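Peer 1: Line order of the protein sequences matches chains U, C and P. So the first sequence is residues 18 to 275, counted in the working numbering. So the second sequence is residues 2 to 154, counted in the working numbering. So the third sequence is residues 71 to 340, counted in the working numbering.
Incorrect hints may appear among the rest.
[As the list claims (entries may be wrong)] In silico BS3-like pairs for lysine-lysine, Cα to Cα no more than 30 Å straight-line: (1) C:K29 / U:K207; (2) C:K85 / U:K207; (3) C:K85 / C:K29.
[Claimed, not checked] Partial selection, computed: residues in chain U whose CB lies under 8 Å from chain P: (4) T141; (5) E142; (6) Q143; (7) S145; (8) A146; (9) M150; (10) A151; (11) V152; (12) L155.
Bear in mind the hints are in silico, worked out from the structure with no lab data behind them. Note that the structure is predicted; figures quoted are calculated from it, not measured. We put the beta carbon where it would ideally sit given N, CA and C, even for glycine.
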Amino acid sequence: MNALVRLGAWSLNGLRRLGRGFRFLLQVIWRLPGVVMQPRLFTAQLYSVGVLTTQIIAVSALSVGMVLGLQGYNTLVDFNAEASLGQMVALSLVRELGPVLTALLFAGRAGSALTAEIGLMKVTEQISAMEMMAVDPLRRVVAPRFLAGVISVPLLAALFSAIGVLGGYLAGVGLLGVDGGAYWSQMQAKVDFYEDIVNGVIKSMVFGFVASWIAVFEGYDAVPTTEGVSRATTRTVVHTAFAVLALDFVLTAIMFGD
Amino acid sequence: MKRTYLLELSVGLFVALGIAALVFLALKVSNLAQVGVTDGYHLLARFDHVGGLRVRSPVTIAGVRVGQVSDIRVDPETFEAVVKLSIDPGYRLPSDTSAQIYTAGLLGEQYIALEPGGEEDYLGDGDEIALTQSAIVLERVLGQFLFQKAAGE
Amino acid sequence: MDVDDLVILEDVHFSHGSRRILTGIDIRIPRGSVTTIMGPSGTGKTTLLRLIGGQLRPDAGRVVVDGHEVPALAREALFELRKRMGMMFQSGALFNDLNVFENVAFPLREHTRLPESMIRDLVLMKLHAVGLRGARDLMTSELSGGMARRVALARAIALDPMMIMYDEPFTGQDPITVGVIMQLIRRLNDALGLTSIIVSHDVAEVSAISDYLYVISEGRVLDHGPPEALSRSSSQWVQQFLQGRPDGPIPFHYPAPDYAEDLLGPERAS
Numbered sequence: 018m019n020a021l022v023r024l025g026a027w028s029l030n031g032l033r034r035l036g037r038g039f040r041f042l043l044q045v046i047w048r049l050p051g052v053v054m055q056p057r058l059f060t061a062q063l064y065s066v067g068v069l070t071t072q073i074i075a076v077s078a079l080s081v082g083m084v085l086g087l088q089g090y091n092t093l094v095d096f097n098a099e100a101s102l103g104q105m106v107a108l109s110l111v112r113e114l115g116p117v118l119t120a121l122l123f124a125g126r127a128g129s130a131l132t133a134e135i136g137l138m139k140v141t142e143q144i145s146a147m148e149m150m151a152v153d154p155l156r157r158v159v160a161p162r163f164l165a166g167v168i169s170v171p172l173l174a175a176l177f178s179a180i181g182v183l184g185g186y187l188a189g190v191g192l193l194g195v196d197g198g199a200y201w202s203q204m205q206a207k208v209d210f211y212e213d214i215v216n217g218v219i220k221s222m223v224f225g226f227v228a229s230w231i232a233v234f235e236g237y238d239a240v241p242t243t244e245g246v247s248r249a250t251t252r253t254v255v256h257t258a259f260a261v262l263a264l265d266f267v268l269t270a271i272m273f274g275d
Numbered sequence: 002m003k004r005t006y007l008l009e010l011s012v013g014l015f016v017a018l019g020i021a022a023l024v025f026l027a028l029k030v031s032n033l034a035q036v037g038v039t040d041g042y043h044l045l046a047r048f049d050h051v052g053g054l055r056v057r058s059p060v061t062i063a064g065v066r067v068g069q070v071s072d073i074r075v076d077p078e079t080f081e082a083v084v085k086l087s088i089d090p091g092y093r094l095p096s097d098t099s100a101q102i103y104t105a106g107l108l109g110e111q112y113i114a115l116e117p118g119g120e121e122d123y124l125g126d127g128d129e130i131a132l133t134q135s136a137i138v139l140e141r142v143l144g145q146f147l148f149q150k151a152a153g154e
Numbered sequence: 071m072d073v074d075d076l077v078i079l080e081d082v083h084f085s086h087g088s089r090r091i092l093t094g095i096d097i098r099i100p101r102g103s104v105t106t107i108m109g110p111s112g113t114g115k116t117t118l119l120r121l122i123g124g125q126l127r128p129d130a131g132r133v134v135v136d137g138h139e140v141p142a143l144a145r146e147a148l149f150e151l152r153k154r155m156g157m158m159f160q161s162g163a164l165f166n167d168l169n170v171f172e173n174v175a176f177p178l179r180e181h182t183r184l185p186e187s188m189i190r191d192l193v194l195m196k197l198h199a200v201g202l203r204g205a206r207d208l209m210t211s212e213l214s215g216g217m218a219r220r221v222a223l224a225r226a227i228a229l230d231p232m233m234i235m236y237d238e239p240f241t242g243q244d245p246i247t248v249g250v251i252m253q254l255i256r257r258l259n260d261a262l263g264l265t266s267i268i269v270s271h272d273v274a275e276v277s278a279i280s281d282y283l284y285v286i287s288e289g290r291v292l293d294h295g296p297p298e299a300l301s302r303s304s305s306q307w308v309q310q311f312l313q314g315r316p317d318g319p320i321p322f323h324y325p326a327p328d329y330a331e332d333l334l335g336p337e338r339a340s
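Just chain U, same shape as in the assembly:
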């Protein structure tokens, strides 16, 4: 009985948060045209959200690509099919690993920082002060950060896939002696621009939208105490991971299902 009551309370609370989240999202989207009018604010956010995330993206992509190259080679060589290494590396990266890992890394590096920053602005009454100065914090603080995230993630995901493919080349061709021409030509033969690349980019756009939404919402909705902000930061990372993985399954089923 008690467990049922708790489950009910938990679900209701979750629904309420979801409702607040959607209303918040609409309010932010409504203010996006204003962001375009103030490109300077937006540029600054693109720096802290996008530029500062490239480092971890580049390092992770290189190592993921190299590992794919090594492992893929070990499996393919048994079938005398190591010439297909390029195709295997590229498809894994472009369709799945690029968008998904980028979104997860983004949540850890930039999303959590966005939540903490907005949450701390709430704790230190900066948001309140802005309202009292007749400045809309959704337009001034939230909307530029949201848009920067939405734009950064697809670019970061493309960077991830590209660097990963080069990492696979380094490991497969450089270390293991796969033929370089075969690496590229097999890849080009089997990776379709519309089917694979465009779908991968669409995935990363969806992930970027969701990850940025969660990050700014958790920050803005955080309980304005030190503890509340730290909880919100954790929630951003966890919820983004759940959302991205669930959405990835749905999107994969729609895009590559048939």
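Keeping the supplied structure of chain U fixed, place chains C and P upon it in accordance with the hints.
Peer 2: Just chains C and P, lined up with the frame of chain U:
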């Protein structure tokens, strides 16, 4: 002022890098660059069986890619597969060129290999390749082998 | 109704969830005065400022600022009104991604289209008024608590408002800083023709600079009057508060069962 300059520069670099990565994916990783071969001239070839040939499968001469398959359909009267090839206009093919469907490696993709003949005339846009050899279907080969074996005993 | 009252609160009720914070507050703040609202911590003093600023809506009662019914104002009208109100938050609430100069320039950049040279002049004037013209290039993290509040004050007067609200301006400051802020509040009020509302529990400081005092507790006004009149208040409670006695109408002990019974009572047995 210097700070904003550096900030804008790095943001510009970031966006440029991201777009460059997209272009790299499109041109170097995927087949987008090869789609351009459809600008070439077209040849037709009839096969009894195309096996695993697909649209955008490569067309090669002596193992070098010179074009791609742009269309595959079935002739409603003869029930043969009619394959449309688009060939890079830089290659002119003698009229007695033959076409075969091969497989790249044991598990690889299927492609069309062209073997130019010795005629003086060249194939033009829309011409048909007369000599063709269909894809080898493993089950059919095995079936024939077993049949002959059984008949021989 | 007296038109000389800039801010009028009439029978204002406010509750946060099930917690009743204000239960029928009446306050009038005349133009040009420095008025202080005093009371123990947690009695809804900050809530009062937020009601005046329109960040919260009362459950019942009227909040009138300069003739406008604040709770009834649409968003645009409320923002117009807020441009004429300054507020100094307890922590200063400076934007920590901007330096001192840009913090003070913030409202000017947001609400005006003045040329850069004019903004510079205005910001330097405001910073000069609080004595921090030389600190313009510091980041907010390099400021002491008192300096942060002075910068916040400069930012609050950037748009030449008609009134300023101070949320606990003296809390946690050293005596010199307290003296500086006291002097600034009074001087700015008189020089710029402002109306000042202070929320505080520092009795000695506010008595020295205020024209009028309100003492509130548990959601209502206990007594009000000019400082010297209030010090002769007949209310035991007000006397306890003003003189800072540890025991009185507000007991030293949080409500608890009888001491002897609690020590020897049944809970111990269980």
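Peer 1: Work down the list of hints and note, for each, if the structure agrees.
Peer 2: Consistency of the hints with the structure:
1. C:K29 / U:K207: Distance ~12 Å between C:K29 and U:K207 Cα, so the pair holds.
2. C:K85 / U:K207: 20 Å, holds
3. C:K85 / C:K29: Holds, at about 25 Å.
4. T141: OK, holds: U:T141 within 8 Å of chain P, min 6 Å.
5. E142: 4 Å, holds
6. Q143: 5 Å, holds
7. S145: This interface hint holds because 7 Å falls under the 8 Å limit.
8. A146: Constraint on U:A146 satisfied, holds at 4 Å.
9. M150: 5 Å, holds
10. A151: Because about 4 Å separates U:A151 from the closest Cβ in chain P, which is inside the 8 Å limit, the hint holds.
11. V152: Constraint on U:V152 satisfied, holds at 5 Å.
12. L155: Where the cut-off is 8 Å and the nearest Cβ of chain P is about 12 Å from U:L155, the hint is violated.
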